[in-house]
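Take a look at the letters that make up each chain.
Number of protein chains: 2
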Amino acid sequence: MQGSAQTISPLRIVPRAGLCDACQVRGVAACSALDNNELQRLASIVTEKKYDSGATIFEQGDEPAYIFNLTSGHVRLAKTLANGRRQIIGFVYPGGMLGLATHGAYVCSAEAIGPVKLCRFPRERLLDLLEELPPLKTRLLDIAADELADAQEQMLLLGRKTPLERVASFLWRLYQEAVRCGQTEPSIDLPMGRTDIADYLGTTIETVSRTFTRLRNDGLIRLEHANKVIILDAQGLEEIAEGL
Amino acid sequence: MQGSAQTISPLRIVPRAGLCDACQVRGVAACSALDNNELQRLASIVTEKKYDSGATIFEQGDEPAYIFNLTSGHVRLAKTLANGRRQIIGFVYPGGMLGLATHGAYVCSAEAIGPVKLCRFPRERLLDLLEELPPLKTRLLDIAADELADAQEQMLLLGRKTPLERVASFLWRLYQEAVRCGQTEPSIDLPMGRTDIADYLGTTIETVSRTFTRLRNDGLIRLEHANKVIILDAQGLEEIAEGL
DNA sequence: CGCTCATTTGACGCATGTCAACGCGCGTGG
DNA sequence: CCACGCGCGTTGACATGCGTCAAATGAGCG
Numbered sequence: 265m266q267g268s269a270q271t272i273s274p275l276r277i278v279p280r281a282g283l284c285d286a287c288q289v290r291g292v293a294a295c296s297a298l299d300n301n302e303l304q305r306l307a308s309i310v311t312e313k314k315y316d317s318g319a320t321i322f323e324q325g326d327e328p329a330y331i332f333n334l335t336s337g338h339v340r341l342a343k344t345l346a347n348g349r350r351q352i353i354g355f356v357y358p359g360g361m362l363g364l365a366t367h368g369a370y371v372c373s374a375e376a377i378g379p380v381k382l383c384r385f386p387r388e389r390l391l392d393l394l395e396e397l398p399p400l401k402t403r404l405l406d407i408a409a410d411e412l413a414d415a416q417e418q419m420l421l422l423g424r425k426t427p428l429e430r431v432a433s434f435l436w437r438l439y440q441e442a443v444r445c446g447q448t449e450p451s452i453d454l455p456m457g458r459t460d461i462a463d464y465l466g467t468t469i470e471t472v473s474r475t476f477t478r479l480r481n482d483g484l485i486r487l488e489h490a491n492k493v494i495i496l497d498a499q500g501l502e503e504i505a506e507g508l
Numbered sequence: 265m266q267g268s269a270q271t272i273s274p275l276r277i278v279p280r281a282g283l284c285d286a287c288q289v290r291g292v293a294a295c296s297a298l299d300n301n302e303l304q305r306l307a308s309i310v311t312e313k314k315y316d317s318g319a320t321i322f323e324q325g326d327e328p329a330y331i332f333n334l335t336s337g338h339v340r341l342a343k344t345l346a347n348g349r350r351q352i353i354g355f356v357y358p359g360g361m362l363g364l365a366t367h368g369a370y371v372c373s374a375e376a377i378g379p380v381k382l383c384r385f386p387r388e389r390l391l392d393l394l395e396e397l398p399p400l401k402t403r404l405l406d407i408a409a410d411e412l413a414d415a416q417e418q419m420l421l422l423g424r425k426t427p428l429e430r431v432a433s434f435l436w437r438l439y440q441e442a443v444r445c446g447q448t449e450p451s452i453d454l455p456m457g458r459t460d461i462a463d464y465l466g467t468t469i470e471t472v473s474r475t476f477t478r479l480r481n482d483g484l485i486r487l488e489h490a491n492k493v494i495i496l497d498a499q500g501l502e503e504i505a506e507g508l
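Chains as they are written, first to last, in this note's numbering: chain H, 265 to 508; chain S, 265 to 508.
Short, incomplete list of chain H residues facing chain S, as computed with Cβ under 10 Å:
id	residue
1	T344
2	R350
3	Q351
4	H367
5	K401
6	D410
7	E417
8	M419
9	L420
10	L422
11	T467
These are computed hints drawn from the structure, not numbers from a lab. Backbone N, C-alpha and C define an ideal beta-carbon position, used for all residues, glycine too.
Let the sequences and hints guide you as you build the complete structure.
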């Protein structure tokens, strides 16, 4: 579907083209809006960064100096209340953006779940470049609109769904996304731990655990191990997720 | 602060200029990014619409044919679950946008709280126009990023705050916004009813009511009447809102 | 002045959070 | 290679905050 990635362009000097040519997420990331020429301009301001498992990529309240594009690994975005209560705002999968939502400062922290690689763009320079790359600006607007729609779905989950419905929704969403990415087996890999899931779903680790057990006992899922879920009854799962 | 609104331009034929010139929200709306010339292009695709109190402007799942800019009145954005449970995603105040967040369809319904006026833009034509009006595209990206940050703050509220903290946060936010808009009295007008507040805060009308009473008894607010709150202890309110 | 609808107040039960113990898998070191 | 220990996940027991149901109060309007 993106077979032109390996075309040879011998006449051009391509400072970092190798970096993007080999990119695993080029087809899904924001960059997919750009042709090779435009991509080169974008690549001219990028730095590739790696973080260890658990590392903080940026912190809530920091000056938003960079925008990131995740190329490998998983990231959690979290907000923390004074007394330590934590809400996970979202999980970022390869190809996703970090640092788009700001109000003059990062509004949440970003932490690596496992080892992570990402492309780092100086925010100001990227915003300047946006004026010269209209397709990229359009793409970012699309991404922002999608993230907004996701955020609103999550508000419905947090405000009005029971823990059972929350867990089912969570699994259902991950499954749908995996299918959309071409996966064929009815299974879900969970890169994050139970604590992260609980903090994402606005509940507790114990309730998440009990709910997994209940879904298993009811024959909707099987737990190959704690981080791999096999879906046995996709329709049943969806019905629970939708509150039917 | 926007004193140039009445300048006379006799040589130009201005099909709908009067509409924008008189606009109450021109300084805050997305249009503020545009000069008069650009504004005219935008105005060429706009239709002014009015809705009665309670009317539905668009429905969750509808084809997103329009994007709106609220010029007068208040709107609630709501998502509803199969069994009738409702979550209000946000309240829109004059100058705000409707219909930005979509996934191929409107992801929530928009309903008028009281009589409403808005500017309606055919979505496709607006998106086309965006390519010719880069400042508008930039502005929309900014708006989307802001709304995303707000949505994330709301996730924290729904997932991790107690009802007391939710109500305090709600009042505190409205108060801050009113101050930002130049209000000097320490009061808040609530255009929406208790049911809407409850559905916004992920709780029930009874709990909202009890919480108002508690805040009153604790000397933090006074209720001039059900829809007008006087703030007596702003700092105390903020501390509760932040979970201190 | 009385009706209606929104809000407030009251009583009660349950779902879910809290606290606590247990199990299991994995990595480490002997 | 095995034993141990640690961290994560699971299960259990219990308490309580909040949702549910029900009734009373109050404000707005004809």
